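> With the sequences and hints as input, model every part of the structure.
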Amino acid sequence: MLRLEGLSKVYGTGDRALTDVSLSVEPGQVIGLIGPSGAGKSTLIRCVNRLVEPTSGKIFLGDLEITGLSRGGLRQARRRIGMIFQEYALVERLTVMENVLSGRLGYVGFWRSFFRKFPPEAIENAYRLLDRVGLSAHVNKRADALSGGQRQRVGIARALEQDPDLLLIDEPTASLDPKTSRQIMRLIVEICDERGLPAIINIHDVALAQQFVRRIIGLQAGKVVFDGSPDELDADVLTKIYGEEDWSATIRKVDEDGEEAGDDDDEGSEEHIAALDRERLAGLT
Amino acid sequence: MSDTQFDKSWQKRTTKQELLLWLGWLALVAFFVFCWEVMNKNTIWAFVSDAPRQAMDIGSRMVPPRWDYLPSLMEPLWDTIAIATLGTLMALFMAVPVAFMAARNTTPSTRFVRPVALLIIVSSRSINSLIWALLLVAIIGPGVMAGIVAIAFRSIGFVAKLLYEAIEEIDAVQVEAVSATGASKAQIMDYAVVPQILPAFAGITVFRWDINIRESTVLGLVGAGGLGLRLQESLNVLAWPQVTVIFILILITVLVSEWVSAKVRHAII
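These protein sequence lines map, in sequence, to chains S and P. Start counting the first sequence at 1; every next residue gets the next number (the working numbering). Start counting the second sequence at 286; every next residue gets the next number (the working numbering).
The hints are simulated quantities; they were obtained by calculation from the structure and are not laboratory data. Keep in mind it's a predicted model, so treat the numbers as computed, not measured. The hints are all genuine.
The calculated label-pair distances, taken between Cβ atoms and stated as ranges, are: (1) S:D144 <-> P:K548: 20 to 30 Å; (2) P:S294 <-> S:S248: 39 to 49 Å; (3) P:F291 <-> S:S248: 29 to 39 Å; (4) S:K141 <-> P:F378: 30 to 40 Å; (5) S:V139 <-> P:V545: 27 to 37 Å.
Positions of the beta carbon are idealized from the N, C-alpha and C atoms, including for glycine.
Printed below as a string of C-alpha cells:
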C-alpha cells in the first residue's frame with residue numbers, strides 16, 4: 001500500500017533527520033512508530049505527504065510515486081492521505097463542522113468552500129463521522145470550546161472526511177491524559193479495522209503502542225533499528241531504540257495490564273511545555 | 286553526602302561588565318546635563334516668567350464658552366467623522382495586500398516583494414498625517430477629500446505593520462493541517478490563515494479608526510476640512526470663547542470614539 005525506498009532527509013541546518021529508511025505498509029496494517037525525541041518520527045510521516053520535502057529516496061502510495069509529483073499532482077495525492085496531529089491542529093476559531101468539512105477542501109472549488117456550500121454527500125458524511133466519534137451534540141461549537149479529547153476526535157473526523165487510503169498520525173495522545181489517550185487510541189484502531197485502513201502512528205508511549213498496535217517500528221537517530229511484533233519488544237530492543245535504562249518496570253506493567261502503565265517520561269512534559277508556549281503566543285495576536 | 290566545596294558568591298555580571306554599565310549611565314546623565322545647557326541658552330527668560338500671567342489672560346478670555354456657536358459646528362463635526370471613517374476604510378483596502386506581501390510566511394518573494402511592502406509601510410508611517418494633508422492640499426486642493434487621503438496614507442503603514450506581525454505569529458500547524466487535506470493556496474488562506482488573524486484585524490481597524498478621529502480634528506488647520514478648519518478661523522480672529530467650544534466638542538468626540546472602539550474590541554476578542 002505504502003512503500004518507502006531509501007528515504008533520507010537532511011534539513012537546511014545540516015541535521016540528518018532520516019537516513020536510508022525503507023519500509024512498506026500492507027493494506028489494513030496499523031504501524032506504531034516509536035523512538036526517542038528527535039529520532040525522526042515526525043519527519044518520516046511528514047515526508048509521506050511532503051509537508052517536509054525528502055532529500056532523497058522514493059515514496060509510493062499504491063502505484064503512485066509521491067516523490068515525483070508536481071504541485072497539482074501532490075494536492076490530488078494529499079486528498080488520499082488523512083493526517084491527525086499531536087496538538088489536534090484544528091482551526092480554533094472555526095466550528096467543529098467547518099473543521100470536519102475542511103477535510104473535503106481538495107474536492108471542492110474555492111468559491112463553494114468560501115461560502116461553505118459543500119456537496120450534500122460531504123455534509124451527510126460529516127454528520128455520520130461526528131456521530132461515530134461521539135460528537136453529534138457539538139456540531140456548531142467552536143473548536144476552541146472543546147476539551148483535548150473532543151478536539152482530537154474532531155481531528156480524526158476531519159481526516160476521515162477525506163475518505164483516505166492511508167492515515168498518518170503524529171503523536172495522537174501526547175497532549176492527553178492516560179485515560180483519554182487509551183480511548184483515542186482504541187477509537188483510531190477500531191476505525192482502521194472497520195475500514196481496512198492502513199496507518200502509521202507516531203507514539204512515544206511504549207506501553208500504549210504495545211497495547212494497541214500489531215506491528216512496531218523502532219527509529220533511532222533516523223534509522224530503523226527494530227521492526228516486529230509488540231511481543232518482541234524486550235529490554236534489549238528498548239535499549240537499542242532509546243539507549244541504556246532500567247526497562248523492567250515498563251515491560252512488566254505491560255504484561256500485567258496495559259491500562260495501568262504509567263505515563264513514563266520527561267519527553268511528554270517537555271512537549272506539553274512547548275505546546276503551552278505556543279498557545280500563550282497565539283493568545284497575544 | 287560528598288565533600289565538594291561550593292562557591293558562596295554569585296554574580297550576574299562580571300566586574301568589567303558592571304563597570305561598563307555604570308560608565309554608560311554616567312555618559313547618559315552627562316549628555317542630559319549638556320542638552321539642558323543648550324536648551325536654556327535659547328530661552329528668553331522674560332517670556333517664561335511672563336507665562337503664568339499670559340496663561341491666566343487667555344484662560345479668562347476663553348470663558349464663558351460661546352455656546353450659540355455650537356450649531357454651526359455640527360457640519361464640520363460630521364466632516365471630521367467622515368474623514369476618519371472613510372480614510373480608515375480606504376487604508377484597509379490598501380493595507381491588507383501590503384500586509385500579506387510583507388509577512389514572511391505569506392509573501393510571494395522574500396527577496397523582491399517583501400522589501401517593497403516594507404518600504405511602503407515605513408514611508409507611510411514616517412510621515413505624519415498633518416504633513417500628508419499639507420502635501421495633499423497642495424496637490425488635490427483644500428477640502429474633505431485631501432483629509433480622507435491624508436488619513437488613509439498615514440493609516441496604511443500602521444494597519445499593515447500590525448497586521449503583518451499578526452500574520453507572522455499564526456500557528457503554522459493549523460496551516461499544515463489544512464494543506465495536508467489537499468486544499469489549494471486560496472483555500473488554505475480562507476480556512477487556516479484568515480480565521481487566525483480576524484480578531485487582530487478587527488482590533489487593529491477599530492483602534493486605528495479611534496486614532497484617526499483624533500487626527501482628523503486637527504487636519505483642518507492646514508485646510509483639509511473638518512473641525513480644525515473652524516479652529517483655525519477662530520484662532521485667527523482671536524475668538525477665544527469659540528475655541529473653548531471647539532475644544533469641548535473635540536474632547537467629547539474623542540471620548541465617544543474611544544468608548545465605541547473599546548466596546549467593539551471587547552466584543553470581538
